[in-house]
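**Student:** Residue strings, one per chain:
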Amino acid sequence: MSNIVYLKTPLTDNIIESFRIGDKVYISGIIYTARDAAHKRLVELIDNGKEFPFDIKNQIIYYVGPSPAPPGKPVGSCGPTTSYRMDVYTPKLLEKGLKATIGKGNRSETVIEAMEKHKAVYFVATGGAAALLANKVKKADVIAYEDLGAEAIMRLEVLNFPVVVANDVYGNDLFKEGIAKYKRESS
Amino acid sequence: MAIHTRISTAKIVEKVSSLCMDANFILNEDVLKALTDSYEAEVSPVAKEIFADLLENAKIAKECRMPICQDTGVAVIFVEIGVGVEITDGNLYDAINEGVRRGYKEGFLRKSMVSDPINRTNTGDNTPAIIHSEFISGNCLKITFMAKGAGCENMSRISMLTPADGKKGIIDFVVETVKVAKANPCPPVIVGVGIGGTFDYAALLAKKSLLRPLGTKHTDPDTAALEQEILDRINKLGIGAQGLGGWVTALAVHVNRYPCHIASLPVAVNIDCHAHRVKTVTLS
Numbered sequence: 001m002s003n004i005v006y007l008k009t010p011l012t013d014n015i016i017e018s019f020r021i022g023d024k025v026y027i028s029g030i031i032y033t034a035r036d037a038a039h040k041r042l043v044e045l046i047d048n049g050k051e052f053p054f055d056i057k058n059q060i061i062y063y064v065g066p067s068p069a070p071p072g073k074p075v076g077s078c079g080p081t082t083s084y085r086m087d088v089y090t091p092k093l094l095e096k097g098l099k100a101t102i103g104k105g106n107r108s109e110t111v112i113e114a115m116e117k118h119k120a121v122y123f124v125a126t127g128g129a130a131a132l133l134a135n136k137v138k139k140a141d142v143i144a145y146e147d148l149g150a151e152a153i154m155r156l157e158v159l160n161f162p163v164v165v166a167n168d169v170y171g172n173d174l175f176k177e178g179i180a181k182y183k184r185e186s187s
Numbered sequence: 001m002a003i004h005t006r007i008s009t010a011k012i013v014e015k016v017s018s019l020c021m022d023a024n025f026i027l028n029e030d031v032l033k034a035l036t037d038s039y040e041a042e043v044s045p046v047a048k049e050i051f052a053d054l055l056e057n058a059k060i061a062k063e064c065r066m067p068i069c070q071d072t073g074v075a076v077i078f079v080e081i082g083v084g085v086e087i088t089d090g091n092l093y094d095a096i097n098e099g100v101r102r103g104y105k106e107g108f109l110r111k112s113m114v115s116d117p118i119n120r121t122n123t124g125d126n127t128p129a130i131i132h133s134e135f136i137s138g139n140c141l142k143i144t145f146m147a148k149g150a151g152c153e154n155m156s157r158i159s160m161l162t163p164a165d166g167k168k169g170i171i172d173f174v175v176e177t178v179k180v181a182k183a184n185p186c187p188p189v190i191v192g193v194g195i196g197g198t199f200d201y202a203a204l205l206a207k208k209s210l211l212r213p214l215g216t217k218h219t220d221p222d223t224a225a226l227e228q229e230i231l232d233r234i235n236k237l238g239i240g241a242q243g244l245g246g247w248v249t250a251l252a253v254h255v256n257r258y259p260c261h262i263a264s265l266p267v268a269v270n271i272d273c274h275a276h277r278v279k280t281v282t283l284s
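So the sequences go chain by chain: A and B. The first sequence runs 1 to 187 under the numbering used here. The second sequence runs 1 to 284 under the numbering used here.
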C-alpha cells in the first residue's frame, strides 16, 4: 500500500530512500523551475566548469514553463511539461547533487539508472491540472535567465504541492507497473 | 457573385481574441462529461484520483479565469468563409493574428511560438497562428480556435501505408502510435485519425477530426464502427491517465476518410490531450 508523505524541502538521503513508487507526496518549501532552454544552459555551465546560478545540491527541479502571472497571483497556471526532453541533460545534474525532478511522462533507462546511482527520485504531477497546481505556489521569483521568458529559472515557494513517486532509488518504475497491472489481453 | 454580408476586421480581431481566452479558461461540456464518465469507469485508484484532479482543475480554471493548462498552445484556426462574405478594412489573416496577439496578452496566456525552428527566438505574442481556410456556400464566417499543446502534438505520427495493409494495417498503426507515446501526450487522449488524401491532406483530416464534439458518433456507420474498434484496442493497452496505469487511455477516437491514389494509403494520427480546448464563433 502506498504512503502519504508531507515533505519539507530540502531533501536528505534518508527521506529519498524511504520513498517507494506510488507514494503520494505533498511538497512544501522551495523548488526550482527549469525546462528545455534552461537545461541546455545549465549543462553548458557544467561543460565549461562554471558556477550555477543556484545551489543545486539536495534540491528539486520542476519541469514547467508557467503561463504569465495575472495581477495578484505569484504565478500563472503551472502544470508539468513532458520530462523525456530533459533526459539528455538529467544525469549531469544528478551528478551535481540534484535529488529530485518533477514532470510528467516516462524517463529513459539512462535516467532511471542515474537516479539509482545518485540516489534521486522522479515525481510526477498531474499534467494539465495547471490551475490547481498554481494554487499551491505561494511565491515565485525569477533567479536566472530572465531572457528565456516562460523558460527562465524560478525559485518557487510551494505549500502541499501534490506529486506521486514514479521512480524510486531502487529502480522501480510506476509507469511499467501500472501498465502491467491494467493491461487487458495481448496487444 | 453578390456580396450579402460585410464583416469588419475589427470584429474578427475581437472575436478571435475572446475565443483564445475562453477556450483556454473554460473546458467544453462534452469534455467535462467525458472526464466525469471516465472517473466513474476507471478502476485504478491512482487514475481515478487524476480524473478527480482534472475536474477540480477545470472548475478552478473557469472560476478564476486561469488557463486549464500552462501550455496554452499553438493557436490553430480553422476558418470557413462563405462565398457571400466580404471582409472589410483589411486582411482576414492579419485580423486573425491580431486577435491571437491580443487574446494571449489580455488573458495572460503563455506565448509558446518561436520565430524559427532552428534558431528558436520567441515571437513574444504567440503569433503566427496556424490558419486553415476554406470557402463554403452561404453568407457566414465560421472561426474555430484550437489551443494545441506540444506534449500531445509531439506524439503524433504519419505513415504512408500500402493499400495491401488495409484496415488491419491502419488500426495497428494508430494503436501503436498511442502505445509508443505512453505517458507523454498527457493521457487520457483524444485520437484524431486521417485516412486517405495525400501526405499533407491526411494530417489535416486528422486534425479536423478532433473538432467533432466528444460523445458523438460518426455519421458513416462503417467509420463509426472503425472508431469504436480502435478505441477498444487503445483502452486495453493499460496506459491509463497520465500513463500510470488504468482502463481509460483515450476519451475518443475520431476518424476522417477521404479518396486517395490507387497506390496510396496515407494514415495520420494527431493526438490531443485531455485539455481539449476548442471554441467556435459564427459571424454573419
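Incorrect hints may have been included.
[Unchecked claim] Pairs of lysine-lysine residues, derived as PhoX-like cross-links and limited to a Cα-Cα distance of at most 25 angstroms, are as follows:
1) B/Lys179 to A/Lys181
2) B/Lys111 to B/Lys62
3) B/Lys11 to B/Lys33
4) B/Lys208 to B/Lys33
5) A/Lys183 to A/Lys57
6) A/Lys176 to B/Lys33
7) B/Lys179 to A/Lys139
8) A/Lys136 to B/Lys48
Hint data in this document are derived by calculation from the structure and do not stem from the laboratory.
**Student:** Are the hints correct? Go through all of them and say.
**Tutor:** Hint check:
1. Pair hint lysine 179 of chain B plus lysine 181 of chain A holds up; C-alpha atoms about 15 angstroms apart against a cutoff of 25 angstroms.
2. At roughly 20 angstroms between alpha-carbon atoms, lysine 111 of chain B and lysine 62 of chain B fall within 25 angstroms of each other, so this suggested pair holds.
3. About 32 angstroms separates the Cα atoms of lysine 11 of chain B and lysine 33 of chain B, which puts this hinted pair outside 25 angstroms; it is violated.
4. Proposed proximity of lysine 208 of chain B and lysine 33 of chain B is supported: the alpha carbons are some 21 angstroms apart, at most 25 angstroms.
5. The suggested pairing of lysine 183 of chain A with lysine 57 of chain A is violated, with an alpha-carbon distance near 39 angstroms, which exceeds 25 angstroms.
6. Simply put, lysine 176 of chain A and lysine 33 of chain B have alpha-carbon atoms about 29 angstroms apart, too far for the 25 angstroms limit, and the pair is violated.
7. For the hint linking lysine 179 of chain B to lysine 139 of chain A, the alpha-carbon distance of about 38 angstroms lies beyond 25 angstroms, and the restraint is violated.
8. Distance check on the hinted pair: lysine 136 of chain A and lysine 48 of chain B sit about 21 angstroms apart at the alpha-carbon level, within 25 angstroms; holds.
In summary, the numbered hints that this structure violates are 3, 5, 6 and 7.
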